[in-house]
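Q: Residues per chain, in single letters:
Protein chains: 2
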Amino acid sequence: MGKVAKLVLLGTGLIGGSFSLALKRAGLVGEVVGVGRDLANLERALELGVVDTTSTDAVAAVQGADLVLLATPVGQMGRLMTAIAPSLPPQCIVTDGGSTKQDVVALYRECLPNHLAWCLPGHPIAGSDLSGAAAARYGLYEGRRVVLTPLVETRQEVVERLSALWRACGAEVFHMDAVEHDSIFAAVSHVPHLVAFAYMNALLDRRNVEACLDFAATGFRDFTRIAGSHPAMWRDIALANRDAVVGDLKSNIARLSELVALIEAGEVGPLTTYIERASNARVDWDARRKEH
Amino acid sequence: MGKVAKLVLLGTGLIGGSFSLALKRAGLVGEVVGVGRDLANLERALELGVVDTTSTDAVAAVQGADLVLLATPVGQMGRLMTAIAPSLPPQCIVTDGGSTKQDVVALYRECLPNHLAWCLPGHPIAGSDLSGAAAARYGLYEGRRVVLTPLVETRQEVVERLSALWRACGAEVFHMDAVEHDSIFAAVSHVPHLVAFAYMNALLDRRNVEACLDFAATGFRDFTRIAGSHPAMWRDIALANRDAVVGDLKSNIARLSELVALIEAGEVGPLTTYIERASNARVDWDARRKEH
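Quick note, the sequences are listed as chains A and B, same order. Per the working numbering, numbering through the first sequence is continuous, rising by one, with the last residue being 1480. Per the working numbering, numbering through the second sequence is continuous, rising by one, with the last residue being 1480.
Derived by calculation from the structure, the hints in this document are not laboratory data. Possibly wrong hints are sitting among the right ones.
[What the hints assert, rightly or not] Derived pair list, reagent style DSBU-like, types lysine-lysine, alpha-carbon separation capped at 35 Å: (1) B:Lys1478 / B:Lys1438; (2) A:Lys1478 / B:Lys1212; (3) A:Lys1438 / B:Lys1438; (4) B:Lys1191 / B:Lys1212; (5) B:Lys1478 / B:Lys1212; (6) A:Lys1478 / A:Lys1438.
Start from the sequences, fold in the hints, and give me the full structure.
A: Structure (structure tokens):
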């Protein structure tokens, strides 16, 4: 597998920093440049050996690069792609770590229209509450999954090379369509967050909310853990993956309305069937997960 | 504090068995009789020292008792109360461990109308996936909460005596109205379970459900943990606490519909405010919990 001579991280935090560390340990990268706007964070990245050099200038940094990883919030990626377009070397692979993919695909098409053969959108599934270069660590991607969503224009050799690099970080690599990616992650990640936000808002509307929060126990703790997630990040994800998310939220509303009707009517048989279907599926999921 | 001469457990599982063990360790109980229908379970209770004698006959067992704890599913409590009514000693305290309270209050009124001064509904908050006498253990109630919901007829000395016994088990005791109890537990326990069941059902309706379950990660795991709960138990709770639960589910539906509208309209400001309110409240709750 070809070594990366020069890796540029546009965004030097948990995702980018941990990618750098893993490639360094695998001996698969030469120079790593960390780009960002937060000087203290860049200084820390340098001290911790996450990167070899730092820069606040993405345009200059990408010169001579053979791999660029966009590891910022998705909201900053369009601006960065547009900025680097003129100075990007012809065969430099460009990828990203965004947790939605159709919107990022649209950015590649809009901002790097002449470079699409070398663009490969990606989503390393290694969420964490931590951020910044100090959160970067060896082994973050060990046993984790990375989804790559190639464009029709993406060269097969680019897919193979980037997949091999992620595998060298310890990750399991999956290839799928961006639409399928966004559908799956709406269902199992985005919508649970949004349902948990809605639940918290309904709870906060109650007259006795303080007593409720006082008696909330382990079921509440686990169910609402994701409701404590970063607001701006989840607002952006909800808007970026709007179609899939709205469809799933409407399904949840329909299923909740059905549940209300069953309880109001005291329909013991159908209510049992409804809960059993959910419970059995959750128990099976857990059993299969523990087999692995 | 007066020692209990004869405690009768109607239902010899986690809740009743652990109450017995805690009182035995505190030296606050003489004889403990375990009543049930599952002979193997009663045998185990005896072997493990959870009870001193066993019986399948509740009517005979309560003779000479000064404390009876109903620790079966709520669905069996009415039948048991009616059965023991004729043989219950005049000043025997009767309590229960049911997780809904208005419905159990109604059972006391219906089945033990001449004994209400000695009846005190209760809810030890020590849920567990485990059941049976083998699950009973010392220390289950250490640091846990017990809510007692006195009837207007309940004598003050009964409230004081039972509160003292629960405190001797290590629990923190709260007194509140049954309506308030059911409102609080609908909000922070029952509704999260029902929302999680609805979410699982919506997920199972998807064409790509297998791929979704395959990519489900830690957020999904925690959010849906309670969806794996016992179907019959949660069906009964939903029906027993129907009014409070339905009101809260409707609030959740309203808040979800509002969220759909904000996302569809791309209302960045209000969407941010919506998520921030939820996230801040959850972060604050966690911080306060960790202080204790």
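Q: Hints first: check each against the structure and report whether it holds.
A: Here's how the hints hold up against the structure:
1. B:Lys1478 / B:Lys1438: holds (31 Å)
2. A:Lys1478 / B:Lys1212: With a Cα-Cα distance of about 38 Å, the restraint between Lys1478 of chain A and Lys1212 of chain B is violated, given a limit of 35 Å.
3. A:Lys1438 / B:Lys1438: holds (14 Å)
4. B:Lys1191 / B:Lys1212: Cα-Cα ~10 Å, so holds.
5. B:Lys1478 / B:Lys1212: holds (32 Å)
6. A:Lys1478 / A:Lys1438: holds (31 Å)
In terms of the numbered hints stated before, the structure departs from hint 2 and from no other.
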